[in-house]
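Enquirer: The primary structure of each chain is shown beneath.
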Amino acid sequence: MAVFIQTVVAGILMGGIYALIGIGMTLIMGVMKIINLAHGQLMMVAMYITYVLYEYVHLDPYAALLITMPCLFILGAVLQRSLLNPLIKVESILPENQVLMTVGIGMVLTELARMIFHSDYKSVRPPYTSMSLYAGSIAFNLPMVIAFGIAVLLTIGLFLFLLKTDVGKSVRATAQNKEAALLLGVNAERITIFTYGLGAALVAAAGTLLLPIYYLFPDLGGAFTLKAFVITILGGLGSTVGAIVGGVVLGVSESLGATYISMALKDAVGMVIFLLVLIFLPGGLKRLTKI
Amino acid sequence: MKKLLCVALCLGLLGAFGGASAWAADTLRVGIILPITGAKANFGEIEKLSFEMALQEINAAGGINGKKLEFLFEDDTGRPEVARSAAEKLITKDKVLMLGGGYGSSETFAIAGVAQQNRIPFLVNTGSDDKITEQGWEYIFRLNPPVSEYPKALESFLTEVVKPKTAAILYENTNFGTSGSQEFKAICQRLGIQVVVEEGYEHGGVDFKPILVKVKDKNPDLVYMISYVMDASLLMRQAMELRIKPKLFVGGAAGFTLPEFPKNAGKAAEKVFSATLWYQTLKYPGAMDYYNKFVATYKKDTEYHGAEAYAAAYVIADTLKRAKSTSPDDIRKALSETDMMTVFGPVKFISYDKKINQNRLPTYLVQWIDGRLELVWPKELATKPYVYPIDWDAVWK
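Note that the protein sequences, when read in sequence, are chains A and B. Residue 10 in UniProt numbering sits at position 10 of the first sequence, and the numbers go up by one each step. Residue 235 in UniProt numbering sits at position 235 of the second sequence, and the numbers go up by one each step.
One or more of the hints may lead you astray.
[Unchecked claim] Here are the simulated DSS-like pairs of lysine-lysine, each with C-alpha atoms no more than 30 Å apart in a straight line:
1) Lys131/B / Lys299/B
2) Lys293/B / Lys122/A
3) Lys89/B / Lys333/B
4) Lys333/B / Lys299/B
5) Lys122/A / Lys299/B
6) Lys122/A / Lys263/B
7) Lys379/B / Lys283/B
8) Lys245/B / Lys122/A
9) Lys267/B / Lys122/A
10) Lys300/B / Lys122/A
11) Lys348/B / Lys283/B
12) Lys397/B / Lys122/A
Derived from the structure by calculation, the hints contain no laboratory data. Predicted, not measured: the structure shown is a model, and the values here were computed from it.
Construct all of the structure, not just a fragment, from the sequences and the given hints.
Expert: Below is the structure:
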C-alpha cells in the first residue's frame with residue numbers, strides 16, 4: 001500500500017510541473033493554432049538564466065522566478081513579433097510553416113546554449129534541495145512540493161487573468177474565433193505576441209521550478225517539448241483545464257507505469273496513453289471537462 | 001550581392017575541406033572518436049584532455065620514428081548513428097591509420113562494426129559491453145576490462161566482509177547497463193545472493209522514485225547501480241530522500257567515480273562504494289605522475305576514464321613505432337603483439353572465454369569518504385580503511 005501511495009504522490013507532484021509546461025503550449029496552440037516546437041528549448045533558456053543568477057549572483061531559484069518569467073516573456077514576444085508573425089503576411093507561405101519556424105528557433109537556442117555553456121551538466125543545489133517532509137513512511141521532496149504549490153498558484157492566477165481582465169478576455173476571444181474578434185476591435189496581432197510571451201513565461205516558471213530537482217544541459221529541451229506536446233493533445237488542443245488534467249494524468253500514469261510495469265518503459269506508457277486518447281477521445285480530455 | 005556572397009562562401013568551404021587532406025605526408029594520423037558534446041560529454045572531456053596530454057608528451061619526445069603523431073578528434077555526441085558516420089568519415093576521408101577512443105558501449109559497438117568492415121585497427125579504451133570483443137572481429141582490440149569484470153573486486157569484498165543475503169540491481173537500459181546487470185546477477189547466483197529487484201530505467205529520468213520505492217519495499221542488503229553520472233546523482237539523492245537503508249550502495253563504475261558525482265549528489269554521495277578500474281596510488285609506473293600532471297594542467301580531478309585514454313595514447317604510439325609499415329595489416333599485427341606497461345597497468349591482448357584481443361586487468365573497489373574517492377579494496381592496496389557497517393542516519397543528517 002505504501003508503495004502505491006508513494007508512487008501516486010510522486011506522480012501528482014511531477015504532474016504539477018508537467019501541467020505548467022503544458023499550459024504554455026496549449027495557450028499558444030489555442031490562439032495561433034500552431035504547435036510551438038521550441039517550447040522545451042524556451043524552458044532550457046529560462047533554466048540557464050536561473051543557473052547563472054544562482055551561480056554568480058547567488059540568487060535563490062525561487063526568487064529568480066521574478067526575473068526569468070519577465071525575461072522569457074520578452075524573448076517570446078520578440079520571437080513572435082519578428083520571426084513568426086511575418087510568416088503569416090506572406091501569402092505563399094502556408095501557416096503550417098510557422099511550426100517549422102519554431103523547430104528552427106528551438107535548434108538555434110540549443111546550439112547557442114551549447115556555444116556559451118558547453119555540454120556540461122549544470123545543477124543548482126541550494127541546501128534545501130535534498131530535504132523531505134515525511135508523512136508516516138511517505139516522503140514528500142521539499143522542492144517538489146514547493147514547485148507544485150507555485151505551479152498551482154500560477155495556474156489560478158492565469159485563470160483569473162483569462163476570466164476577469166480585458167486582455168485575458170481578448171486572448172480567449174481570439175482563440176475562439178479570430179475573425180469575430182478582429183471585427184469586434186481586438187488587435188489580433190498584438191494578442192498573438194502577448195500570448196506567445198505568456199506561454200514562454202509559463203514554461204520559464206516550470207523550468208526554474210524544475211532546476212533544483214533536476215539538472216541542466218543544452219539538449220534538455222527536446223524531451224520536454226515532447227512532453228508538452230503529449231500533454232496538449234491529452235488535454236484537447238487549446239484547452240487550459242485539459243492541459244492541467246493532462247499534465248497530472250501523464251505524471252501519475254508514468255509513475256504507476258514505472259512502478260508496476262517497468263521504469264525502462266516509462267516513456268512508452270506516456271505514448272500508449274497518447275495513442276489511446278487519439279483513438280478513443282480524439283478531442284482529448286476537453287471532451288470530458290467541456291471547458 | 002547575396003548570391004555572390006553565397007558562392008564565395010561555398011568556394012571558401014570547398015577550399016577548407018580540400019586543403020585538409022593535402023598536408024598529411026609527415027604526420028601519422030589516428031582518429032579518436034569520443035562524446036565531446038551531448039549527454040556523455042563529461043567523460044568525453046576527461047578522455048580528450050588525457051589524449052591531448054599524452055600526445056604532447058609523445059611528440060615532445062620525438063614522435064613516432066621521427067614523424068609527428070596527430071590525433072583527429074571526432075564527436076559521436078553519444079549517439080551510435082553519429083559514431084558510425086564519424087568512423088566512416090575518419091576512415092574514408094581522413095585516411096587515418098587506425099582508430100581509438102570509443103566511450104559509450106552502443107557507440108563503440110557501432111564504430112567497431114565500421115572498423116572491422118574496412119579492416120582498420122580500432123583500439124577501444126572504454127566501451128565495455130562484453131560483446132564488443134566477442135564477435136570474432138580481429139581488428140578490434142580492447143584496453144579496458146569488459147563490464148562483466150568490473151565487480152571482480154566487489155565479489156571478494158562481499159564474500160569476505162559484507163556477506164549480503166539479498167540484492168537489488170538498477171541499471172540503465174543500454175548495452176552497457178544491461179550487459180553489466182546480467183553479469184552481476186550471475187555473480188549473485190554464484191554467491192547465493194537472492195536478487196529481489198532488477199529494474200532497468202531510461203537514461204535522463206527526473207523521478208526515480210517509482211523504482212526506488214520498490215527497492216525500499218524489499219529492503220535488500222545491497223543496492224547495485226549501473227548508471228552514468230547525472231542519473232547516479234539523482235538515484236542516490238532520491239534514495240536518501242526515501243530513506244532506503246541497505247547495508248551498502250555500490251555503483252558499477254562509470255558515473256559513480258566522476259568528480260561531478262559528489263558535486264551533484266551532495267551528501268547523498270557519501271560512503272557510496274563503486275567498482276573502479278584504476279586509482280592513482282596503484283603501483284603502476286607513472287600513475288601518480290599522470291594524476292598530478294593532469295590536476296596541475298587542467299585544474300580538475302581525473303579518474304579511471306582519463307587514465308584509460310592516456311594509456312591508450314601510449315599504446316597507439318608504441319604500436320605505430322613497432323609496425324613494419326603503415327598498412328592496416330602491419331599495424332594490426334603490431335597491435336596484437338603489444339606487451340607494455342602503462343599508467344593504467346600492463347597491456348597485452350589475449351583471447352579467453354569467447355573474447356579475443358582483450359586486455360586483462362584486475363579491478364578495485366573505491367568508496368567516497370569525506371568527499372574524497374578512496375581506494376578501499378583489495379585491503380593491501382587501500383589508501384584508507386573501508387567504512388562498513390554504515391550508519392546512514394548519521395551520514396545523511
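Enquirer: All the hints need checking, so say for each whether the structure fits it.
Expert: Structure-based check of each hint:
For the hint pairing Lys131/B with Lys299/B, the CA-to-CA distance comes to about 36 Å; that exceeds 30 Å, so the pair is violated. For the hint pairing Lys293/B with Lys122/A, the CA-to-CA distance comes to about 26 Å; that is within 30 Å, so the pair holds. The suggested pairing of Lys89/B with Lys333/B holds, with an alpha-carbon distance near 24 Å, which does not exceed 30 Å. Note on Lys333/B and Lys299/B: the hinted pairing is violated, with a Cα-Cα distance of about 39 Å set against a maximum of 30 Å.
Taking the CA atoms of Lys122/A and Lys299/B, the gap is about 18 Å. The hint holds against a cut of 30 Å. Between Lys122/A and Lys263/B the CA atoms are separated by roughly 10 Å; this keeps the pair inside 30 Å, and the hint holds. This hinted pair checks out: Lys379/B and Lys283/B have alpha carbons roughly 14 Å apart, not beyond 30 Å. Under the criterion of a C-alpha separation no larger than 30 Å, the hint pairing Lys245/B with Lys122/A is consistent with the structure, at around 28 Å.
For the suggested pair Lys267/B and Lys122/A, the alpha carbons sit about 17 Å apart, so the restraint of at most 30 Å is met. Taken as a hint, the Lys300/B and Lys122/A pair is honoured in the structure, with Cα atoms around 16 Å apart against an allowance of 30 Å. With a C-alpha separation of about 18 Å, the suggested pair Lys348/B and Lys283/B falls inside the 30 Å cut-off, and the hint holds. Only pairs whose Cα atoms come within 30 Å are accepted, and Lys397/B paired with Lys122/A is accepted, the gap being roughly 25 Å.
Going through the hint list in order, the structure does not satisfy hints 1 and 4.
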